[in-house]
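Engineer: Each chain, written out:
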Amino acid sequence: MRRIVKTKNQISIPSSLDYLKDVDQFVEGKLKRIGLSESELADVAISVTEAVTNAIVHGNKNDEDKKVEVTLKIKEPDLVVWVKDQGEGFDPGAVPNPVAKDNILKKVGRGIFILKSLMDDVDFEFQSDGGTLVKMVKRFKPAKKSQDKRI
Amino acid sequence: MKLSFREVKDVMVLSPKGKIMGGPDATQMHDQLHEFINQGKKKVVIDLAKVDWMNSTGLGILISGLTTMRNSDGELKLANVTEKIQSLLTITKLITVFECYDSVQEAAESFK
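Chains as they are written, first to last, in my numbering: chain A, 1 to 151; chain B, 152 to 263.
Everything labelled a hint here was simulated from the structure, so no lab data went into it. We put the CB at the ideal spot given by N, CA and C, even for glycine.
Only pairs whose alpha carbons sit at most 25 Å apart, straight line, appear in this in silico PhoX-like list of lysine-lysine:
#, chain 1, residue 1, chain 2, residue 2
1, B, Lys-201, A, Lys-107
2, A, Lys-116, B, Lys-235
3, A, Lys-101, B, Lys-235
4, A, Lys-21, B, Lys-201
5, A, Lys-73, A, Lys-138
6, A, Lys-30, B, Lys-235
7, A, Lys-107, B, Lys-244
8, A, Lys-141, A, Lys-116
9, A, Lys-101, A, Lys-116
10, B, Lys-235, B, Lys-168
11, A, Lys-30, B, Lys-201
12, A, Lys-30, A, Lys-6
13, B, Lys-160, B, Lys-192
One side of the interface only, derived from the structure: several residues of chain A facing chain B at Cβ under 10 Å:
#, residue
14, Thr-49
15, Lys-106
16, Ile-112
17, Phe-113
If we strip away everything but chain A, and leave its shape as in the complex, we get (with noise of 0.2 Å):
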């Protein structure tokens, strides 16, 4: 169905470039009640960012009536971030390095290598059924001891 779902630590949404505000704008609104400083709130929302946009692109080949799903997760000092697509998977090692001279000027090509400097833990799974599934973690400590941990 294409559509947008949501429930409490999850988003769901059509596999359409045109959905990215939607969910930035949902991780964002979670993770602004848990004491990220700007900068590491940054770094999470463009992350994810990076992720949803090789879900939909490479992994759903911007198949609308596939689905990709990002989840939260607060088990502190770790934030966890799960973005899943329904594609067909592909060999992370095979991406070329995009810092490589003669890859400076290209226009595509640096998301998975942006994603692993910004967040401290990125692990890529291909389930058995299809799909690939992003988990990355970043670490940090929350402004209050006081505030709410929950998600």
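Keeping the supplied structure of chain A fixed, place chain B upon it in accordance with the hints.
Structural biologist: Just chain B now, with coordinates in the frame of chain A:
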């Protein structure tokens, strides 16, 4: 992203605002630069002061803008690069490709 522009002497200053993350953002900047080129305006500064952050799509938009201007014998420079964007330009080594200035005025005055 919202996009506005102004002219400072013979330099076009493009001012994106918000987050640059893809979708319609890419075509907006591209179309505006082509309009400048069609009008014979080939000195462009992108003022990043009001950009919260950008992702790799945003960086791709800047690179596309740079090559578009250079292919038309023009030039594109950056001003007011925020700390977050500076750090992205550094890790991707794009800092070696773009001329960055602390203010629009400095960027505008750097054109010969």
